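> Start from the sequences, fold in the hints, and give me the full structure.
So the sequence lines, in the order shown, correspond to chains A and B.
Each residue of the first sequence is one higher than the one before, starting from 0 at the first, in numbering that gives the first Met the number 0.
Each residue of the second sequence is one higher than the one before, starting from 0 at the first, in numbering that gives the first Met the number 0.
Calculated from the structure, these hints are not laboratory results.
Just so you know, these numbers come straight off a predicted model, no measurement behind them.
Just so you know, even glycine gets a beta-carbon here, dropped at the ideal spot from N, CA and C.
Keep in mind that the hints are not guaranteed to be accurate.
Unchecked claim - Partner residues aside, some chain B positions facing chain A, computed with beta carbon under 8 Å:
id, residue
1, Tyr-40
2, Phe-43
3, Tyr-129
4, Met-147
Stated by the list, open to error - To give a feel for the contact side, a few chain B residues facing chain A, derived at Cβ under 8 Å:
id, residue
5, Ile-99
6, Tyr-100
7, Ile-104
8, Ala-112
9, Phe-114
10, His-116
11, Phe-125
12, Arg-130
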Amino acid sequence: MVMERRWTLYDPRLAWMLVAPVLVLLIFFLVLPIAVMAAYTFFTFVTAGVETSALTTANWHEFFTDSYYSGFLLKTLRVGAITALLCGVLGYFPAYFIWATTFRHKWLLLLLLIVPFWISFTIRTFSWINILGEQGVINVALIKFGIINEPLPMLYNEGAVILGMLHFLLPYMILNVYVSLEGIDRTLISAARSMGCTSAQAFREVTLPLSLPGLAAGLLLCFVLAAGSYVTPQLLGSGRDALFGNLIYDTIMGELNWPMGATLSIVLFVVLGFFAAVYTRYMGMSQIVKGLGG
Amino acid sequence: MPDSQDTLSSPRPASAGASALGTAAAANSPAVEFRDIDIAYGKFVAVRDFSLSIAKGSFVTLLGPSGCGKTTILRSIAGLVDISGGQIMIDGRRVDDVPIYKRNIGLVFQSYALFPHKNVFDNVAFGLKYRDVPKPEIVRRVGKALDMVRLPGTEKKLPSQLSGGQQQRIALARAIVFEPQVLLLDEPLSALDANMREEMRVEIKKIQKETGITAIFVTHDQEEALSMSDRIVVMNAGAVEQIGTPQEVYETPATAFVADFLGKANMLPGTVTRSGQGTAVTLAAGQTVNVVPPKPLAQGGKVTVVVRPQKLSVGTAAGANRLSGRVVSASYLGGSAIYEIDIGGGTLIRANTPISGRVFGEGEAIEVGFDPDGCVLLDEGGQRIS
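Printed below as a string of structure tokens:
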């Protein structure tokens, strides 16, 4: 380009300049670290804390041949799926209620959804120990009333882990579903009713199908966050209830096996990314952005 | 309204189409009847003491400014709004406690309200599906309805693939396909652009005539009301101002509100200065006009002389009641012209008149006039003297 062009409002050069800071951030703090990690998966593990840059496929070989890893992965996906489905079932109703209520101060109900975020996630998770533990509220009360003699083992099992994750993820689900319900033109429901639908049939014909994108977005979000969680199983689960995130932690911080830790991290990244990609292909990403308040 | 004259040129008799549907079981009872209905939202009374009887196969328009209660009444027929007093009858059967989905009513909304996730076929078939119509019959009737709105072959399309006018046609097909007892149209044209509106106006009226369906149409647009209706119900602040044929409400408005809302009539306040034969009213503007009152007026009484802009003529063509004034503004419309004329005392008269000879310019002195029987007289309370 010999001639200097004048700048216009929608100049592509201007657009590049505006996204440049974000691009730089993403490249240096997301793409590069992942690339380094990907490279690490081909490094050779010598002994705890020592690795050489001699390239090897040993880590990948170990991952694909040792059923220990694939078992962990499947279990993590299963727990994530159960959590997401429970979130969907339990989250749809409050979302529907907030949408349908004639209560004048809806914002208050929505605020209640966000209040839990004001307390640290770790503290909220810890609080379950005071509720479910042997000396927790439920066991103490039941023993006091003579209903049971021995404390019930409610903590440090898969149920407790799922409960803790539900607690943390439900607001995401409710907000996602609520946003898609809010997008429905209510005259559609009047139209369906006037053509012969009972309110239950109108829900099935109009409200439910039109809120499915929000439900799907909530499911994806809850699934990815649950399957990638580390703190909840660490605090509320026993060793057997550890998820893939805990496995990565142990491999890196316990065994000091960085190449294997990197391999496992990349696996989780690719698997969860795959689910997100499938979702985006069919639903588009905009729904999740809306659900997050964008 | 510059061309409201045109809409008057094709007045429809009040009984048009009334005979088209003589075969129904309850042939004697009106299609829809309101008996003293009241509708209140908390303390706010949206509609009070509304009574109206709508003949089978007729096209009735509820006309009024926004917030006058016209949409509320429409929604009450459908069952979308609960009435707080009175009765609504459809075909002689009381429906106020019939749930919405059991009332056999077709609704067309301003926003089309097509189901975005269903294709045209499923949208139109919707009401039939809930009436347990067998599948082949559904296919046949949907096809017929789409032919009627001149959109055959669009079954597989999604609403988002259609233009606004096409969407409203589909909405119309959807509302008439299951042959409802009444078709309710809630400002169906206001979301369309001007050209489309004109076309749909003709189309809706044509389909209504063909099917012989009873239609209730809600609008705030006087032109739509005048051109489409068999009868017009003019409403203001939750109450009926006048019920009549388009010609009746336009030419003999019952109240000052109707006169002003339909076609912006000239309202000239004055005092009766001579009663009996050759009654005369001296206008506040200072000039005196002759009127033909339907009943004798007392001398000294306060009246308002209402004259439509189209009833006024200017220049040498001016009618018997001649007022001299000065042109304040003149708009040339080709076949006719609209003048605003100051007749003294700051009183402005609007005249919409065919051009004979030349167009008068601003500031020119002009004679404006109307025939004594070309006006309507209102009393002090704004009611027509009859």
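> Decide, hint by hint, whether the structure agrees.
These are the hints, each one checked on the structure:
Among the interface hints, the one on Tyr-40/B is violated; its C-beta lies about 12 Å from the nearest C-beta in chain A, farther than the 8 Å criterion. For Phe-43/B, the interface hint is violated, the least distance from its beta-carbon to any beta-carbon of chain A being 16 Å, above 8 Å. With 8 Å as the threshold, the beta carbon of Tyr-129/B comes within range of chain A, its nearest partner Cβ sitting at about 3 Å, so the hint holds. The beta carbon of Met-147/B is not positioned within 8 Å of any beta carbon in chain A (closest approach about 17 Å), and the interface hint is therefore violated.
For Ile-99/B, the interface hint holds, since its Cβ comes within 8 Å of a Cβ in chain A; the closest pair sits about 5 Å apart. The interface hint given for Tyr-100/B is met, as the beta carbon of that residue sits about 5 Å from the closest beta carbon of chain A, less than 8 Å. With a least beta-carbon distance of about 6 Å to chain A, the hint placing Ile-104/B at the interface is held under the 8 Å criterion. A hinted interface residue such as Ala-112/B counts as satisfied when its beta carbon comes closer than 8 Å to some beta carbon of chain A; here the least separation is about 4 Å, so the hint holds.
Taken as an interface hint, Phe-114/B checks out: its beta carbon lies about 6 Å from the nearest beta carbon of chain A, inside 8 Å. Interface restraint check: His-116/B against chain A, minimum CB-CB distance 5 Å, threshold 8 Å, status holds. The interface hint given for Phe-125/B holds, since its Cβ lies 5 Å from the closest Cβ of chain A, which is under the 8 Å cut-off. Interface hint at Arg-130/B: satisfied, since its Cβ lies 6 Å from the closest Cβ of chain A, which is below the 8 Å cut-off.
Comparing the model with each numbered hint stated earlier shows that hints 1, 2 and 4 do not hold.
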